[in-house]
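Novice: All chains should be modelled from the sequences, with the hints used to inform the complete structure.
2 protein chains.
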Amino acid sequence: MSDSKKLIEFKVPEPTLRRLPWYLAFAKLVLKQEQLFLSSTQIAKNISVDASIVAKDLSYVKISGKTRVGYDVNELVDVLESFLGFTRSHKAFLFGVGSLGGALMHDDGLEQFGLDIVAGFDVKYELTGTSINHIPIHHIDRFKELQNQTGINIGVLTVPVEKAQEVAEFMVAGGIQAIWNFTPYRIVVPDNIVVQNTSIYAHLAVMFNRLNALKELDENQ
Amino acid sequence: MSDSKKLIEFKVPEPTLRRLPWYLAFAKLVLKQEQLFLSSTQIAKNISVDASIVAKDLSYVKISGKTRVGYDVNELVDVLESFLGFTRSHKAFLFGVGSLGGALMHDDGLEQFGLDIVAGFDVKYELTGTSINHIPIHHIDRFKELQNQTGINIGVLTVPVEKAQEVAEFMVAGGIQAIWNFTPYRIVVPDNIVVQNTSIYAHLAVMFNRLNALKELDENQ
Numbered sequence: 002m003s004d005s006k007k008l009i010e011f012k013v014p015e016p017t018l019r020r021l022p023w024y025l026a027f028a029k030l031v032l033k034q035e036q037l038f039l040s041s042t043q044i045a046k047n048i049s050v051d052a053s054i055v056a057k058d059l060s061y062v063k064i065s066g067k068t069r070v071g072y073d074v075n076e077l078v079d080v081l082e083s084f085l086g087f088t089r090s091h092k093a094f095l096f097g098v099g100s101l102g103g104a105l106m107h108d109d110g111l112e113q114f115g116l117d118i119v120a121g122f123d124v125k126y127e128l129t130g131t132s133i134n135h136i137p138i139h140h141i142d143r144f145k146e147l148q149n150q151t152g153i154n155i156g157v158l159t160v161p162v163e164k165a166q167e168v169a170e171f172m173v174a175g176g177i178q179a180i181w182n183f184t185p186y187r188i189v190v191p192d193n194i195v196v197q198n199t200s201i202y203a204h205l206a207v208m209f210n211r212l213n214a215l216k217e218l219d220e221n222q
Numbered sequence: 002m003s004d005s006k007k008l009i010e011f012k013v014p015e016p017t018l019r020r021l022p023w024y025l026a027f028a029k030l031v032l033k034q035e036q037l038f039l040s041s042t043q044i045a046k047n048i049s050v051d052a053s054i055v056a057k058d059l060s061y062v063k064i065s066g067k068t069r070v071g072y073d074v075n076e077l078v079d080v081l082e083s084f085l086g087f088t089r090s091h092k093a094f095l096f097g098v099g100s101l102g103g104a105l106m107h108d109d110g111l112e113q114f115g116l117d118i119v120a121g122f123d124v125k126y127e128l129t130g131t132s133i134n135h136i137p138i139h140h141i142d143r144f145k146e147l148q149n150q151t152g153i154n155i156g157v158l159t160v161p162v163e164k165a166q167e168v169a170e171f172m173v174a175g176g177i178q179a180i181w182n183f184t185p186y187r188i189v190v191p192d193n194i195v196v197q198n199t200s201i202y203a204h205l206a207v208m209f210n211r212l213n214a215l216k217e218l219d220e221n222q
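Quick note, the sequences are listed as chains R and C, same order.
Read in order, the letters of the first sequence correspond to residues 2 to 222 in this note's numbering.
Read in order, the letters of the second sequence correspond to residues 2 to 222 in this note's numbering.
These aren't lab readings, by the way, just hints derived from the structure by calculation.
Put simply, identical chains are the same to the list, so a pair is met inside one copy or across any two.
In silico SDA-like links for lysine to any residue, alpha-carbon gap of 20 Å or less:
1) 29 <-> 43
2) 63 <-> 213
3) 92 <-> 132
4) 12 <-> 65
5) 145 <-> 175
6) 33 <-> 164
7) 12 <-> 215
8) 125 <-> 146
9) 216 <-> 11
10) 29 <-> 66
11) 164 <-> 47
12) 63 <-> 17
Specialist: Okay, structure coming up:
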């Protein structure tokens, strides 16, 4: 669902970055069960990923396991959380306080994973001065001014699809360097801008299709 | 971010199902601009996907373009929406009315893409009888009874990570056949159960990493 810029070679491959949070989730679970050590084989077995992939993924993270006992779980959790950027607070602006934008402003979970939405912007004057979950909503005209004041460089894009490209360009012109794009539109931005596409609705299409396919299989049996 | 079950061969590949919503979004945009025909080359150019991939993807959908003019945009939108399951209403239950679960209940956009969350379930007695965005919240104990009454077979999983596996098993035992898993935990379920993993927080990790990598590049120049 996402683009890595082809022109820049990143140290950590995107599939690795997407799997590391699974290992973190599992390590946290194990920690709650008061288990102190965890091997890559154990991780692999529990989350159905090849042990060699787990080991390779963890090689990007600065942690070393002990022979026979594996990784210290406390250390693994700490190192992964920090490596993934979840322990730092990254302030962000949200663009488009519609249904999905409002929903994301309601989700305090984002903050636990390092994303702190500090303001929402919208074109609707009736939203100006209101707030959702204590996050203020401003008219979009105030974005540049507030960006200058704060230096915030992450933008969450939740506008209607037909505005996605236009607003993305406006965000970039105003100083945004990373766009978390929740629209199903494939925005085009300069190469030095990070785009993370998260079209949750596209995932729905996969789920519906698989559910139907299984139903057809059942009916033909 | 998602699993296709390895034992079952599905007709439409998952990458195709994930790209089709992009084409739909673009076709809708074009329709608003009152353009009547659209070629796969035009789609390809605008959303940075190879033209051959666009043509191949669209070959799974029952639509044929006209030589030189391309696809009828109205037809393309209708056919894609219906193919992707967005025109049918799929009723679903949500499990775990925490921050993210509540946020998803706030998102009316899901309904436009065919998902209708009709009830939320939680273990917290204080939530029982309340509602979010007119969607009632029940105690989890009532799930089986309500599943029997309604036959609803889609479940959205938004419980805390340490409960993910347990609740997934409970959902399956109670008649759920497709799980939209928003937890970062890799749940293990029988092969005939559809799992769609959407860990939005994992996408954050990719975005943070790319942003840092670009910053480092900048500093080294």
